[in-house]
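Q: Read off the chains here:
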Amino acid sequence: MKRFFLFLPLLIAVVLGVVLFAGIGKDPTKLESALIGKPVPAFSLKDLNTPDTLLDESLFKGKVQLLNVWGTWCPACRDEHDDLMWLAQDKGVSIIGLNYKDNREDALVWLERLGDPYSTSIYDPRGTLGFDLGVYGAPETFVIDEQGVVRYRHVGVVNEKVWQETLLPVINDIRENG
Amino acid sequence: MARFALVAALLMLAPMASAQVADVYNFETTQQEQRFQDLIEELRCPKCQNQNIADSNSPISKDMRAEVYRRMRTGESNDEIVDALVDRFGEFILYRPQVEKRTILLWATPAIAVLGGLLVVIGVIVRSRRQTDETPELTAEEKARVAKILAEDDQDNRA
Numbered sequence: 570m571k572r573f574f575l576f577l578p579l580l581i582a583v584v585l586g587v588v589l590f591a592g593i594g595k596d597p598t599k600l601e602s603a604l605i606g607k608p609v610p611a612f613s614l615k616d617l618n619t620p621d622t623l624l625d626e627s628l629f630k631g632k633v634q635l636l637n638v639w640g641t642w643c644p645a646c647r648d649e650h651d652d653l654m655w656l657a658q659d660k661g662v663s664i665i666g667l668n669y670k671d672n673r674e675d676a677l678v679w680l681e682r683l684g685d686p687y688s689t690s691i692y693d694p695r696g697t698l699g700f701d702l703g704v705y706g707a708p709e710t711f712v713i714d715e716q717g718v719v720r721y722r723h724v725g726v727v728n729e730k731v732w733q734e735t736l737l738p739v740i741n742d743i744r745e746n747g
Numbered sequence: 013m014a015r016f017a018l019v020a021a022l023l024m025l026a027p028m029a030s031a032q033v034a035d036v037y038n039f040e041t042t043q044q045e046q047r048f049q050d051l052i053e054e055l056r057c058p059k060c061q062n063q064n065i066a067d068s069n070s071p072i073s074k075d076m077r078a079e080v081y082r083r084m085r086t087g088e089s090n091d092e093i094v095d096a097l098v099d100r101f102g103e104f105i106l107y108r109p110q111v112e113k114r115t116i117l118l119w120a121t122p123a124i125a126v127l128g129g130l131l132v133v134i135g136v137i138v139r140s141r142r143q144t145d146e147t148p149e150l151t152a153e154e155k156a157r158v159a160k161i162l163a164e165d166d167q168d169n170r171a
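Chains as they are written, first to last, in this note's numbering: chain A, 570 to 747; chain B, 13 to 171.
To be clear, the hints were calculated from the coordinates, so they are not data collected in a lab. Any given hint could be a false lead.
What the hints assert, rightly or not - In the DSS-like style, the derived pairs of lysine-lysine whose C-alpha atoms are separated by at most 27 Å in a straight line are: (1) A:Lys-607 x A:Lys-632; (2) A:Lys-599 x B:Lys-74; (3) B:Lys-74 x A:Lys-607; (4) A:Lys-730 x B:Lys-59; (5) A:Lys-632 x A:Lys-730.
As the list claims (entries may be wrong) - Computed spacing ranges between beta-carbons, pair by pair: (6) B:Ile-124 x A:Phe-576: 11 to 21 Å; (7) B:Ile-116 x A:Arg-673: 18 to 28 Å; (8) B:Gly-128 x A:Ser-663: 53 to 63 Å.
The beta-carbon is built from N, C-alpha and C at its ideal position, and this holds for glycine as well.
Construct the complete structure from the given sequences, taking the supplied hints into account.
A: Here you go:
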């Protein structure tokens, strides 16, 4: 019994070490979405390109899609734009844009100048859909399955590495396992 | 005097703690205002992670404050308001996580630590007691030897 107590500090150190080591390398600013496994919240917002068109959550039904939250005020969105173009054009990924807390003219100029990777763009100037999605900064990218259910949320820039290592595996998993 | 000055200084600092929210909300009663203040001080900003939404000036905190206010106006209870925000932003925003199976260890850790410390202290006390109790009395023979050694020691010192 006394022997056991001698080893107690070592035991505590090992347990603490394992627990703390598990936390190393995790980015605490990247939170898992509270909406995973839940459908995209109901909304009714105008299309960015055609203001007369009203869009709603049925937009997300039918196929696996990405939902990319962006704004012209967001420098990191500029960084990922070329990669979104690459995904849309070369990889044939369907991306829906959520223009978040922005104004229409700026957004249209941006898409005109840099290219438009979005199959549809939702215009959310007051950030209401963004709020319901739990968006706390841009860019954020959601993976939505064909039932319109949120499966994954990536906070930060999407690039080739993020696509290969994070988003594509999620999409493949949805396609294989439903 | 020094104590009075310290108290005065602290009193002057106190309003600064809650004066950071730039936007103004109107309340009918001070209780409601206090309720609003309590709510936003207990919710954590998801963007600037070591601030509550009362202190943070990030756009998302502003939106969250507005949502708390809007829901208060429609007569929702504190729990309903907090749940609505947790549904969107996750449990991360709670400074006081809900007590449930998954978080019970988190809540119990301080109690476990105090209990462990108490056990160690009790162990140490019991052991030291037992050692003093168990020190055997000297036999008559040993006592005679002690007296002899001390007497010799005395003589050596005198010599």
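Q: Would you mind marking each hint as holding or not holding in the structure?
A: So, going through the hints one by one against the coordinates:
1. Between the alpha carbons of Lys-607 (chain A) and Lys-632 (chain A) the distance comes to roughly 16 Å, so the proposed pair stays at or under 27 Å and holds.
2. Between Lys-599 (chain A) and Lys-74 (chain B) the CA atoms are separated by roughly 20 Å; this keeps the pair inside 27 Å, and the hint holds.
3. Between Lys-74 (chain B) and Lys-607 (chain A) the alpha-carbon distance is near 25 Å, which keeps this suggested pair within the 27 Å criterion.
4. At most 27 Å may separate the alpha-carbon atoms for a hinted pair to count; Lys-730 (chain A) and Lys-59 (chain B) meet this at roughly 24 Å.
5. As the CA atoms of Lys-632 (chain A) and Lys-730 (chain A) are separated by approximately 23 Å, the hinted pair is consistent with the 27 Å bound.
6. Between Ile-124 (chain B) and Phe-576 (chain A) the C-beta distance comes to about 20 Å, which sits within the given range of 11 to 21 Å.
7. Between Ile-116 (chain B) and Arg-673 (chain A) the Cβ separation comes to about 50 Å, which falls outside the hinted range of 18 to 28 Å.
8. With their beta carbons about 56 Å apart, Gly-128 (chain B) and Ser-663 (chain A) fall inside the hinted range of 53 to 63 Å.
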